[in-house]
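Go ahead and model the full structure; you've got the sequences and the hints to work with.
Chain residues, written in single-letter form:
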Amino acid sequence: MIQTSQILETLRMIDQEKLDVRTITMGISLFNCVCDDTNRLASRVYNRIARQAENLVKVGEEIQREIGVPIVNKRISVTPVSLITGAVEDPLPVARALDKAAKETGVDFIGGYSALVQKGMTAADRRLIESIPQALSETDLMCSSVNVASTRAGIDMDAVRLCGRAVKALAEKTRDQDGLGCAKLVIFSNAVEDNPFMAGAFHGPGEGDCAVSVGVSGPGVVKRALENVKGAPFDEVAETIKKTAFRITRVGQLVALEASRRLGVPFGIVDLSLAPTPAIGDSVAHILEEMGLEKCGTHGSTAALALLNDAVKKGGVMASSHVGGLSGAFIPVSEDIGMIEAAACGALTLDKLEAMTCVCSVGLDMIAVPGDTSAATIAAIIADEAAIGMINNKTTAVRLIPAPGKKVGDFVEFGGLLGRAPVIPVHPFSSEEFIARGGRIPAPLHSLRN
Amino acid sequence: MKNGSKAVVTVLGYDRKGIIARVSNVLYERGINILDISQTIVDGFFNMVMVVDLSEPTCPFDELQDALAALGQELGLQIRIQKNEIFEAMHQI
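For the record, the sequence lines run as chains A and B. If you're matching positions, the first sequence starts at 1 in this note's numbering and goes up one per residue. If you're matching positions, the second sequence starts at 1001 in this note's numbering and goes up one per residue.
Hints in this document: simulated from the structure, not taken from any laboratory. A few of these clues could be false.
Unchecked claim - Reference excerpt, derived from the structure (chain B facing chain A, CB under 8 Å, subset only):
1) T1010
2) R1080
3) Q1082
4) F1087
Built from N, CA and C at the ideal position, the CB exists for glycine as well.
Next up, the structure:
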């Protein structure tokens, strides 16, 4: 029997601590749409998604009503588009079909305008990467990602250079919205195939026809739990986070199983990430500060984040039958009120963020840099981040916004879940010749690990 | 929900006469049996938790939810109903 106090605790988590399920994401394979006529391919893609995801939003809303926990987004991820456009010249009609299908089904985002090029690029991969600025600037709900590196393949530096240019061109094309297009493009190392979170979600080639996955959230709940162990040793901090993560993940598991049953689609995974929003009380940075740091980004932040990330996984993993995706603590700057404050006051720098990405769940995320940052510098930042992922056998990513016309200290405003961010400085010294080399950085050794 | 025959009604807000009577009436009119009630009042702040049986309701869940929310609005209270599974998931292994 559930105790009254437990019921009231759950209500408090929902009302005051912003416990929510961030997303139900339906992964849809598009391999059965492949053909060599661009328009026919686009129309098959549209039909496949519109039919498969027809009830996704309705079911998400039903579950939300019945259990009383907000399900913030419903999303779709699809097979990386470069894998289905090998026989056609132009991937853009598929981009338009994806966007149209997302609007038809009523979802918040669709991800998978993607290419996996860690070892090398096919002609289709190259076409897709080169089309990203155009594709993202003329669609509304579509997200894109490129995997440029992996632990087993090394780093494809030609792809890194292309991606640096794509980010820059995309910012220019969405200049009137402070470069908002860049918020929909992620460059990965070791990308996972079942990630339900945007902008990096795609339905990997190793996945089945269709699956539903759930991404949980709840930084506010963890922060509140830590308020009860002020000054206690870290053993107690870790235990508290584990217990809280367990509860949050159980909600995700419940929603995932229910969505799977109602949609008649296999359950994929629960991604047990702590995903912040710009709302007060929904911040990962504030969890780190609750551990005793004056501002997120100061000395100790990497250790605090390492503990948090690990404890979230340990607590969550037993609460779900299949854990996957990115699973850990996200540290996007613009989407987290504590990170925004820390970056604005100078406590949090790009270099410190890079260090923190060694132990967080993903990487350099939603960071605004000056508009005059060169494509080569962006590519070099991507290469650094990819190297961290490659060597440490983890997923890392870069989602940078070189905000057109903006200088250090200015703010960019995206609104909604994407929030706002202060423009922070990059190093002024050139990486031009480094990026011009191209080729591949070889895969690392897996022994002699020091 | 699979075995979704139970739900939890929670009422939060300032105490006044007839809260239980009005909430029970909404449930009774829709064929819903009350299995358990607990309530506390601290400094005039009222909170009540009711476990109800949804195995023989005479209306859909949505309608019941709307009726309770509307009553809450009228009485200046927050009244909601949630399937029991959410609490079981979070607090039981």
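Hint by hint, here is what the structure shows:
The criterion of a C-beta within 8 Å of any C-beta in chain A is met by T1010 (chain B), whose closest approach is roughly 6 Å, and the hint holds. For R1080 (chain B), the interface hint holds, the least distance from its beta-carbon to any beta-carbon of chain A being 6 Å, beneath 8 Å. Annotation: interface hint on Q1082 (chain B) holds; nearest CB of chain A at approximately 4 Å, less than 8 Å. With a least beta-carbon distance of about 5 Å to chain A, the hint placing F1087 (chain B) at the interface is held under the 8 Å criterion.
When each numbered hint is compared with the structure, no violation occurs for any of them.
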